[in-house]
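Visitor: Heads up: the sequence lines are chains A and B, in that order. Position 58 of the first sequence, counted from 1, bears residue number 58 in my numbering, the numbering being contiguous throughout. Position 34 of the second sequence, counted from 1, bears residue number 348 in my numbering, the numbering being contiguous throughout.
If you're looking for bench data, these hints aren't it; they were derived computationally from the structure. Be aware that one or more of the hints could be misleading.
To be verified - Think about it this way: if two alpha-carbon atoms lie no more than 20 Å apart in a straight line, the pair counts; the simulated EDC-like pairs of lysine to aspartate or glutamate are:
id, chain 1, residue 1, chain 2, residue 2
1, A, Lys192, A, Glu144
2, A, Lys192, B, Glu397
3, A, Lys4, A, Asp17
4, A, Lys98, A, Glu144
5, B, Lys407, A, Asp17
6, A, Lys192, B, Glu480
7, A, Lys199, B, Glu430
8, B, Lys414, A, Glu210
9, B, Lys461, B, Asp402
10, B, Lys414, A, Asp265
11, A, Lys199, A, Glu144
12, B, Lys414, A, Glu144
13, A, Lys199, B, Glu478
14, B, Lys414, B, Glu478
15, B, Lys414, A, Asp17
16, B, Lys407, A, Glu144
17, A, Lys199, B, Glu480
18, B, Lys407, B, Asp394
19, B, Lys461, A, Glu210
20, B, Lys407, A, Glu210
Said to hold, decoys possible - Derived contacts from chain A toward chain B, CB cut-off under 10 Å, selection only:
id, residue
21, Ile121
22, Arg242
23, Leu273
Claimed, not checked - Ranges of calculated distance between the beta carbons of each label pair, as one might list FRET restraints:
id, chain 1, residue 1, chain 2, residue 2, range
24, A, Leu66, B, Gly345, 38 to 46 Å
25, A, Ile218, B, Met338, 44 to 52 Å
26, A, Ala124, B, Ser384, 33 to 41 Å
27, A, Arg18, B, Leu396, 23 to 31 Å
28, B, Val342, A, Gly15, 53 to 61 Å
Glycine included, C-beta positions come from ideal geometry on N, C-alpha and C.
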Amino acid sequence: MWKKITTRMSDELFGFDRPETTGERVRFRLFELFAVVYAVYWAWDWGTYIQSIEGVVLPLGIANHLDVSFMFNNGVSLVNAGVLTVFILLGFFRVAPKWTYSLAVLAFHLHYASRYSLGEICHASQFVGMSVLALPISMWFSKEPKTQRRFALGAVYFFIGLGYVSAALSKLIATGPGWIQGRHLWLWIGEKSIDAYSKFGVLEHNWLQEFALSSVTISTMILAVGILTEAAGLLLWFRRTRPFIAVACVGMHFGIYLSMNIMFDMFIYQLLLIGLPWDRWIDQWLNRSSATSTGAVPRWVRAFALEPRSPSLQ
Amino acid sequence: MTALATYPVRQGPLRRRPLHRAGMAVLVVWGVGLLFAATHKGEFWPFSTYSMFSHAGQPWMRVVIRDVTSTPNTKGAVLDSLEHLEGDPLPLKPLGVLQKDMNRLFRVADGQWNPEQIRVVRSALSTPLSRQRVLLAYRIEGRPSPKGRWTVRAVPMLKISPSESEVLNVAVSAGSQRSGVQQVH
Chain A
1 MWKKITTRMS DELFGFDRPE TTGERVRFRL FELFAVVYAV YWAWDWGTYI
51 QSIEGVVLPL GIANHLDVSF MFNNGVSLVN AGVLTVFILL GFFRVAPKWT
101 YSLAVLAFHL HYASRYSLGE ICHASQFVGM SVLALPISMW FSKEPKTQRR
151 FALGAVYFFI GLGYVSAALS KLIATGPGWI QGRHLWLWIG EKSIDAYSKF
201 GVLEHNWLQE FALSSVTIST MILAVGILTE AAGLLLWFRR TRPFIAVACV
251 GMHFGIYLSM NIMFDMFIYQ LLLIGLPWDR WIDQWLNRSS ATSTGAVPRW
301 VRAFALEPRS PSLQ
Chain B
315 MTALATYPVR QGPLRRRPLH RAGMAVLVVW GVGLLFAATH KGEFWPFSTY
365 SMFSHAGQPW MRVVIRDVTS TPNTKGAVLD SLEHLEGDPL PLKPLGVLQK
415 DMNRLFRVAD GQWNPEQIRV VRSALSTPLS RQRVLLAYRI EGRPSPKGRW
465 TVRAVPMLKI SPSESEVLNV AVSAGSQRSG VQQVH
């Protein structure tokens with residue numbers, strides 16, 4: 001029974017034994033490119049901000065063991081941003097990727113702990129951070145490129161799905177089923193309105209906030225839909241339900257943005273990238289293209305997907 | 315060669331072994347994290363309870379900065395509404411100051427202001443201070459209201475001028491205030 005479940009889950013998440021198509025390879029490289037681009041973005045965004053930080057208010061992560069205040073002056077955080085950029089690009093272009101991606105992860109974490117040493121932890125970068133972490137882990141545990149790809153993407157499905165389910169469970173544990181009570185949303189709308197007031201100097205509510213504030217029943221329904229969507233995050237583990245729950249989670253994030261002014265834009269991009277069946281669509285596109293032209297996968301597609309010249313070389 | 319090649323892989327136990335180890339490593343890390351999260355409150359690096367919005371219906375605290383240059387001698391008063399805050403709004407977004415950092419700074423420093431924390435706040439607000447503005451930081455406390463939407467209370471916490479910083483209220487989290495006890499330059 002247990003073996004049957006684990007075999008089924010392994011097949012759904014990783015599918016190590018399934019053959020791999022060109023579309024899957026392209027989609028994986030797009031996922032990898034997404035993680036690399038946003039890691040570089042955070043590297044420089046945080047790198048410049050860290051220079052304006054004056055002290056550690058609340059140590060986070062590695063900052064509990066290492067005084068990260070050396071990052072705040074003399075452009076050290078910018079040097080770390082440069083190191084992170086170089087290592088992660090080397091990894092992407094497969095120059096000793098196991099080592100360069102691993103060093104990039106360390107630089108990324110040092111950056112994160114320095115940026116959020118003021119105490120408030122931002123969640124927006126965590127899917128990206130997890131994706132960057134999954135890449136070297138997959139390379140440490142397997143030498144086979146296809147297995148690495150399947151493991152990295154499967155681990156991301158696993159932890160994102162688990163993250164949403166944990167979010168729903170922690171709400172039920174901390175508050176109970178009454179979490180969905182509409183007045184709770186009212187209170188959060190009030191809190192986030194003050195944030196918007198502080199940021200922009202204007203105190204006002206948008207149409208969804210006014211709609212939620214118009215009735216306890218409406219705001220209760222909004223919270224109920226939100227927690228049910230989170231609880232259904234487990235469906236990301238299954239190939240058949242993955243696209244539907246990805247779109248539902250994107251909808252939930254738009255709802256969070258409109259009701260509480262919190263935009264998880266990178267979560268949205270990543271959910272769309274890994275949740276929708278891009279591999280199948282790319283294969284269909286390649287099939288259509290090959291039927292009307294040379295009959296082969298375009299060279300640039302093969303180069304981007306790191307495809308060997310012949311399948312037998314795999 | 316077909317247009318869309320598929321790539322068969324080698325089968326057998328040798329290929330599975332490292333994956334088995336990886337899967338076990340993931341499960342062990344997850345299990346330890348779960349154990350810490352279940353038995354402790356707060357954050358245990360590298361594990362986190364990620365309790366964002368888990369506790370519903372709780373009072374909250376945010377920070378609003380006002381420009382009181384036109385009334386530099388004000389000490390501010392505790393208010394039950396946002397309509398009569400002293401001075402003019404000082405939007406933080408154009409200054410490149412993140413609201414959540416400011417909230418956290420005031421939460422951490424609540425009643426425990428020290429020169430280092432004051433220095434961090436002054437550094438974050440260095441742009442208006444360099445323009446000779448006088449600033450008043452309000453702590454906005456929100457609570458659920460059984461009748462209406464919510465109630466707020468605005469407590470002036472910190473007055474910052476280009477030359478000095480004055481703590482106006484400390485230890486307000488329990489609902490009581492003491493005034494004007496600290497001058498930090």
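Visitor: Can you confirm whether the C-alpha distance between Lys461(B) and Glu210(A) stays at or below 20 Å?
Guide: The hint holds at about 18 Å.
Visitor: Given the hinted pair Lys199(A) and Glu480(B), is their Cα-Cα distance within 20 Å?
Guide: Distance ~23 Å between Lys199(A) and Glu480(B) Cα, so the pair is violated.
Visitor: Taking the Cβ atom of Val342(B) and the Cβ atom of Gly15(A), is their distance within the range 53 to 61 Å?
Guide: violated (23 Å)
Visitor: Keeping to a limit of 20 Å between CA atoms, is the pair of Lys414(B) and Asp17(A) held or broken?
Guide: Outside the cut-off at roughly 46 Å; violated.
Visitor: Would you mind confirming whether the straight-line C-alpha gap from Lys192(A) to Glu397(B) stays at or under 20 Å?
Guide: holds (17 Å)
Visitor: Keeping to a limit of 20 Å between CA atoms, is the pair of Lys414(B) and Asp265(A) held or broken?
Guide: Distance ~17 Å between Lys414(B) and Asp265(A) Cα, so the pair holds.
Visitor: Hey, Lys4(A) versus Asp17(A), does the alpha-carbon distance stay inside 20 Å?
Guide: Given that 20 Å is the threshold and the Cα spacing comes to 15 Å, the pair holds.
Visitor: Does Lys192(A) pair with Glu144(A) here, judged by a C-alpha cut-off of 20 Å?
Guide: violated (48 Å)
Visitor: Taking only the CA atoms, is the gap from Lys407(B) to Asp394(B) under or equal to 20 Å?
Guide: Cα-Cα ~26 Å, so violated.
Visitor: Would the pair Lys414(B) and Glu144(A) pass a check requiring their Cα atoms to be no farther apart than 20 Å?
Guide: It is violated: about 44 Å lies between the C-alpha atoms, which goes past 20 Å.
Visitor: Can you verify the interface hint for Arg242(A): is its Cβ closer than 10 Å to any Cβ in chain B?
Guide: With Cβ-Cβ at 19 Å, over 10 Å, it is violated.
Visitor: Would the hint linking Lys407(B) and Glu210(A) be met if the CA-CA limit is 20 Å?
Guide: violated (24 Å)
Checked against the numbered hints given earlier, this structure breaks hints 1, 5, 6, 7, 8, 9, 11, 12, 13, 14, 15, 16, 17, 18, 20, 22, 23, 24, 27, 28; the rest are met.
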